[in-house]
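Residue-level listing of the chains:
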Amino acid sequence: MRKYEKLWFVILVLAVASPLGLYLPELMKAESAWGEWSPGEIKSQIGYIPEKMSQTAEIWKAPIPDYAFPNYAFSNYAFSNMEKSSLISRSLEYIFSALIGTIICGVFGHLGAKALLKRKV
Amino acid sequence: MHIPDGYLGPPTWGASWIVCIGLWHVSASKLRKTLDAKLVPLISISAAFSFIIMMFNIPIPGGTTGHAVGGGLIALVIGPWAASLAVSIALVIQALLFGDGGITSIGANCLNMAFVLPFTSYFTYRVLSAFLPTKRSGVKALAAGISGYMGLNAAAFTTSLMFGIQPLLHTGPDGHALYAPYSLNVAVSTMMLEHLLLFGFIEGLVTGLVIYSLKKSQVTSEWTMGGFLHEKV
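Which chain is which? The protein sequence lines are W and F, in order.
If you count the first sequence from 1, position 118 lands on 118 in our numbering, and the numbers rise without skipping.
If you count the second sequence from 1, position 1 lands on 1 in our numbering, and the numbers rise without skipping.
Quick caveat, the hints were computed from the structure, so don't treat them as lab data.
Worth double-checking, as some hints may not be accurate.
Distance ranges between label pairs, derived from CB positions [what the hints assert, rightly or not]:
(1) F/21 to W/87: 40 to 48 Å
(2) F/15 to W/60: 17 to 25 Å
(3) W/39 to F/169: 18 to 26 Å
Computed from a predicted structure; not experimentally measured.
Don't be surprised by glycine CBs; every beta carbon is placed ideally from N, CA and C.
So here's chain F without its partners, still in its complex pose (with noise of 0.2 Å):
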């Protein structure tokens, strides 16, 4: 899911970046007025752990890889605000050291990963918890599970979305593609197709356990946990 240089046009990645910025400004302001010093500790060790996670590359065999990105389950612990803060950091990291994602493309991958992804997931899981008895363990990790598949086939849709306008924005007099060459259609059923299957699975799966296990271990009892593990909503 991180797009690399040279498959975006500068319309695509240069808007996705003046939107980027505009979300990390209200995001940076919503939490300099709501911060807890006790997330601090906790923004950090997500940030850590979305980068170590998308290295877990799952294969579909034959075919290609993807990762969970466990922006959905950040989003659950410590809001989705500073989620959205906390994955960033890790896209960011992983664009200017690794090359994992382009230069050019660091506002797309955040917005989709980084935005679209947590607050999906939370939003998923407010309406969850609205049905369901979300105060039993297991329910709760059920809940957040389905967030977190939610969150990354949300993510997955909107980066095929950038991959599938390219040839529409961008196609030569002889036809060929200039940037990313695949066609929406094809962009949108391939990824989602994938995502759906497979990696959106993922995603929940790592959701659910870590929340199901934090809740088990009491090691989030003195944590904010953005309201929802001790259902303050």
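Here chain W stands alone, though its shape is the one from the complex (with noise of 0.2 Å):
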């Protein structure tokens, strides 16, 4: 059982090491990942947006949007405008959507295992 801990303290380790995938795109000035560009940002490149893609884009409303708290939610990380203190508190968001995630992640990940092994002939 113990080597299980080993390796959850791992991710618990990630999981506050985690704004560095915030810090670090926006030190170097990168914008969203290819191809996940929010309606907005396709229009400054191409000038509109794809008719159906303006339809169907937010056809989800994620509870927690892009790893932070709706109130917060500062789409593709374009947040080098923003002040420091809200920088902490969109960090300290990254970090409690990494903790919630994988959590769940764990514990669907062990149902699904569990189940699969259940039926097993």
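With the hints as a guide, bring the two chains together.
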């Protein structure tokens, strides 16, 4: 059992360090991943928002969009003009998202694997 | 690599869902026959690991961002079928809870990152281990790293194909794209360039380093490891 605890501890360390995934792109002035632009970004690139894209892009309202609490949700990490305090809160939200996400993945991974195990012949 | 909603037309995301559901079904029936109880905690950790590693966005200075997926590593550790399950779980949670990747495109994203990636890495490793002395930790890590690199690039390729065929399938009478606007040429060359030159190496590095440390720490001695860490293949 202890070996798994070790690995979960590594996951915990990664979760606490996860805001690096926010800061580094910000620091190097890197923008969204290729093909993951918001409709607004698409418009600034090609001059228009593709018609069907504008109809379906917002089809789902995620509860924690872009790993940030909705009130503070700045899409695509474009927060270079934000105050320092909001960078800190953004990091805390990111860590919170990392913890919630890994726990849920862990639970579903466990349940999924267990379910497949039970039906083993 | 997480395709959002609105980028793929219904034929592409619909077909991807159908293929993906078929593959999930195959995956589940494979696991029902082979899944060892010892692997349950590892599948759970693998799903969490894939989720967390994808949060580490790596920048191309002044350009775009990308990230590792961990799918190659997971395939080498718990086998490709279990890996497809673990990575799929991470991708579905990301889409539903965090809006990272679309809902309509869950099938497409799982196809690319939960199937193409782990299976490419797995088979790359199988081929390499036939030629290389992978009993040695360093060589094993190198082979694992190359497998991770190949896997992520294969996934980037199929993702870029999905983006790139959209203008061919869906262009309005005014010549404007209706979904993802970039041509096949642009999509494939841009995505492949950034993955071949940077993000693939990140995935390779993660894969190689973790395999190396798992092997060195002996923490893995009781695990099945997809048959690889003990060279049962």
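Status of the hints after comparison with the structure:
no.: 1; hint: F/21 to W/87: 40 to 48 Å; in the structure: holds (41 Å)
no.: 2; hint: F/15 to W/60: 17 to 25 Å; in the structure: holds (20 Å)
no.: 3; hint: W/39 to F/169: 18 to 26 Å; in the structure: holds (19 Å)
Consistency with the previously given hints is maintained throughout, with no hint failing.
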